[in-house]
Amino acid sequence: MTATGPSQEPSAAHTIQEYQHGYEEERRLRGFRSGCGFVTATWGLRCPQCGQLDLQEFPLSGKGRVTAFTVQTVPADEFVNDAPYAYVLVELDEGGRISGWMPAVRAVEDLAIGDRVHWVASYKPGVQFEKDSAAAQR
Amino acid sequence: MPRETWVLGAASNRFGKMKETGREAASRVALEAIQTAGIEPKDIGYTFVANAFGLAERQAHVGPLINTALGIPEVPSCTIESACSSSSAALHEAYVHVAGGFHDAALVVGVEKLSHLDTLTATSYFAIGADYPFESHNGATFPGLYATIANAHMRRYGTQTEQLGAVAVKNHANAALNPHAHFQKPITMETYLGSPVIASPLRLYDCCPFSDGAAALVVVAAEKFPNPRTEPLVIRASTRAGSIADMHDRPELTGLPASQRASHLAFQQAKVERSQIDFMEVHDCFTIAELVALEDMGFFPRGEAGTATAEGLTARDGKLPVNPSGGLKAKGHPVSATGASQVVEIFEQFNQLAGKRQVPKTGLALAHNVGATGSSASVHIFGRR
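Residue numbers (my numbering), protein chains in the order written: chain A, 89 to 226; chain B, 189 to 573.
For the record, the hints were derived by calculation from the structure and aren't laboratory data.
Here a beta-carbon is modelled for each residue, glycine too, at the ideal position from N, C-alpha and C.
Fair warning: there could be bad hints in the mix.
[Claimed, not checked] Some residues of chain B that are not near chain A, with every Cβ distance over 10 angstroms (derived):
(1) Glu192
(2) Lys205
(3) Pro252
(4) Val284
(5) Asp292
(6) His304
(7) Ala315
(8) Pro321
(9) Gly332
(10) Pro374
(11) Met377
(12) His436
(13) Gln456
(14) Lys507
[Stated by the list, open to error] Cβ-Cβ distance ranges computed for the label pairs, FRET-style:
(15) A:Phe146 <-> B:Gln546: 56 to 62 angstroms
(16) A:Ala209 <-> B:Asp306: 31 to 37 angstroms
(17) A:Lys212 <-> B:Pro416: 57 to 63 angstroms
(18) B:Lys207 <-> A:His102: 46 to 52 angstroms
(19) A:Phe146 <-> B:Glu262: 55 to 61 angstroms
[Claimed, not checked] Just a sample of chain A residues kept apart from chain B, beta carbon distances all over 10 angstroms, derived:
(20) Arg116
(21) Asp181
(22) Arg185
(23) Glu218
Put together the whole structure using the sequences plus the hints.
Listed below in structure tokens is the structure:
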């Protein structure tokens with residue numbers, strides 16, 4: 089740090105690689121909460137909503153509800169053997185949203201907006217979700 | 189006060205599959221735009237190039253190559269990258285330079301060539317325009333990202349598949365009359381509905397194609413070129429805006445905040461009302477994007493652009509023609525040429541060069557161009573002298 093540099097190290101995970109290693113290898117999904125209340129699971133140095141340097145890291149449960157989704161028949165390059173699958177935006181129980189994918193959702197009828205889902209650790213890339221059991225949906 | 193600034197010349201090749209390299213195509217359209225403007229290459233003070241995926245051709249720093257091909261190697265150049273809004277960003281930079289008095293004439297060239305790549309590799313190039321580790325690495329493709337917007341829009345406003353189809357049918361009909369267009373055949377609603385789903389609810393005919401293409405503009409200070417031989421486009425507004433990059437972190441999924449901001453600023457800068465716009469070219473990389481753009485810019489209330497489109501209001505002979513060129517959807521989407529090509533269409537419309545796709549009124553026109561899923565947006569408003 090230089091004399092003109094930041095006076096405080098950001099509390100967010102310092103590298104994207106660390107963040108990805110967390111959920112892919114350490115079964116640890118991180119979130120970041122700003123003083124303004126904004127919650128994100130995306131790496132950053134300052135809050136994208138209020139600009140403040142007070143992002144506090146906290147563990148995410150990985151539980152939430154689907155807020156939008158699509159079933160992709162044409163996959164992204166890291167998922168060539170997985171199509172069709174769902175790309176989902178999940179409203180987290182702790183607030184904020186995260187994106188992820190659901191290999192078990194192979195048709196639109198398999199998922200609905202509002203469905204409860206949870207993050208699962210996987211050997212495959214990306215943040216992977218599964219649908220909660222029917223009992224848990226109620 | 190900024191100087192009055194014009195688009196004095198414009199040119200585009202036919203979008204689709206180019207045999208020649210991007211560098212060759214860019215140089216050819218640049219020379220054509222300069223000739224259209226009735227000026228000489230030596231009049232150019234700066235060249236702004238857009239070529240986001242130039243490395244796909246194993247070529248970076250293409251500006252000096254274009255300038256050398258044009259016989260003006262001493263002219264400075266730089267490459268502007270803003271994903272799908274790269275050449276509208278380049279136009280904005282050219283405007284800033286010319287209106288600000290740094291140069292009297294600037295060249296804007298947008299070019300892209302990806303057709304030599306296989307589909308998966310080309311898709312991967314597109315994916316790096318999104319947030320790779322936090323969107324693409326979680327499985328998103330560009331159709332997938334826009335499909336989540338469509339999913340949210342349908343859920344919230346009851347937008348119908350047939351309304352998305354109406355965008356596709358309209359824009360293919362327009363492109364069928366455009367010699368620059370990638371697709372030159374109209375489609376029916378049946379064809380649209382029968383096309384396979386790529387990312388639900390988006391079908392093949394909701395998606396723009398991978399296109400090669402090049403487009404160029406000549407931007408000049410009005411005071412230095414007092415006797416134009418074309419009908420110049422007076423740049424009444426040139427604005428850009430950004431927003432939170434990741435879609436999932438934005439408070440609202442059914443609109444693009446950058447489009448909202450850029451259009452708000454543009455109408456302020458141009459001092460015109462939305463009702464004064466005669467026609468426009470908007471960013472329709474997917475059919476839902478056209479509806480969202482029309483709502484973001486305030487031309488229709490939230491959730492009503494689909495109905496308006498299905499009722500023909502945005503058709504070439506409608507109350508507010510939208511994408512008379514065929515748009516990205518059917519004219520094609522060579523990423524870095526798209527923004528400039530929208531202005532080529534407006535230039536041809538203003539100069540009564542649009543043939544059968546000529547719109548009835550050409551007093552004021554708007555061009556709207558988006559980068560990625562709306563983390564960048566440009567809006568330009570053009571008028572007459």
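Checked hints:
At roughly 36 angstroms, the least C-beta separation between glutamate 192 of chain B and chain A is larger than 10 angstroms, which holds for a residue marked as non-interface. At the 10 angstroms boundary, the C-beta of lysine 205 of chain B stays outside the reach of chain A, the nearest C-beta of that chain being 20 angstroms off. No Cβ of chain A approaches the Cβ of proline 252 of chain B within 10 angstroms, the least distance being about 32 angstroms, so the stated non-interface status holds. With a least beta-carbon separation of about 25 angstroms from chain A, valine 284 of chain B lies farther than 10 angstroms from that chain, consistent with its non-interface assignment.
For aspartate 292 of chain B, the requirement that its beta carbon stay farther than 10 angstroms from each beta carbon of chain A is met, with the minimum near 39 angstroms. The claim that histidine 304 of chain B lies off the interface holds: its Cβ sits roughly 17 angstroms from the closest Cβ of chain A, which is beyond the 10 angstroms cut-off. Against the 10 angstroms criterion, alanine 315 of chain B falls within the reach of chain A, whose nearest CB is about 6 angstroms from its own CB. With a least beta-carbon separation of about 5 angstroms from chain A, proline 321 of chain B fails to lie farther than 10 angstroms from that chain, contradicting its non-interface assignment.
Residue placement check: glycine 332 of chain B does not keep its beta carbon more than 10 angstroms from all beta carbons of chain A (closest about 4 angstroms). Separation of proline 374 of chain B from chain A is adequate, the least Cβ-Cβ distance of about 25 angstroms exceeding the 10 angstroms criterion. Consistency note on methionine 377 of chain B: stated as away from chain A, and its beta-carbon is indeed over 10 angstroms from all of that chain's, at 21 angstroms minimum. The claim that histidine 436 of chain B lies off the interface is violated: its Cβ sits roughly 4 angstroms from the closest Cβ of chain A, which falls inside the 10 angstroms cut-off.
Separation of glutamine 456 of chain B from chain A is adequate, the least Cβ-Cβ distance of about 24 angstroms exceeding the 10 angstroms criterion. Every CB of chain A is more than 10 angstroms from the CB of lysine 507 of chain B (nearest about 32 angstroms), matching its label as outside the interface. In this structure the supplied range 56 to 62 angstroms holds for phenylalanine 146 of chain A paired with glutamine 546 of chain B, their Cβ-Cβ distance being about 59 angstroms. Remark: the range hint 31 to 37 angstroms for alanine 209 of chain A to aspartate 306 of chain B is upheld by a beta-carbon distance near 32 angstroms.
The given range of 57 to 63 angstroms is respected by lysine 212 of chain A and proline 416 of chain B, whose C-beta atoms sit roughly 59 angstroms from each other. Between lysine 207 of chain B and histidine 102 of chain A the C-beta distance comes to about 48 angstroms, which sits within the given range of 46 to 52 angstroms. The hinted range of 55 to 61 angstroms is satisfied by phenylalanine 146 of chain A and glutamate 262 of chain B, whose Cβ atoms lie roughly 57 angstroms apart. The non-interface label for arginine 116 of chain A is consistent with chain B: the shortest C-beta to C-beta separation is roughly 16 angstroms, beyond 10 angstroms.
Every C-beta of chain B lies more than 10 angstroms from that of aspartate 181 of chain A, the closest at about 15 angstroms, which supports listing it as non-interface. Separation of arginine 185 of chain A from chain B is inadequate, the least Cβ-Cβ distance of about 4 angstroms not exceeding the 10 angstroms criterion. With 10 angstroms as the threshold on Cβ separation, the claim that glutamate 218 of chain A sits away from chain B holds: the shortest Cβ distance comes to roughly 14 angstroms.
Violated hints, listed in ascending order, are 7, 8, 9, 12, 22; each of the other numbered hints is respected by the structure.
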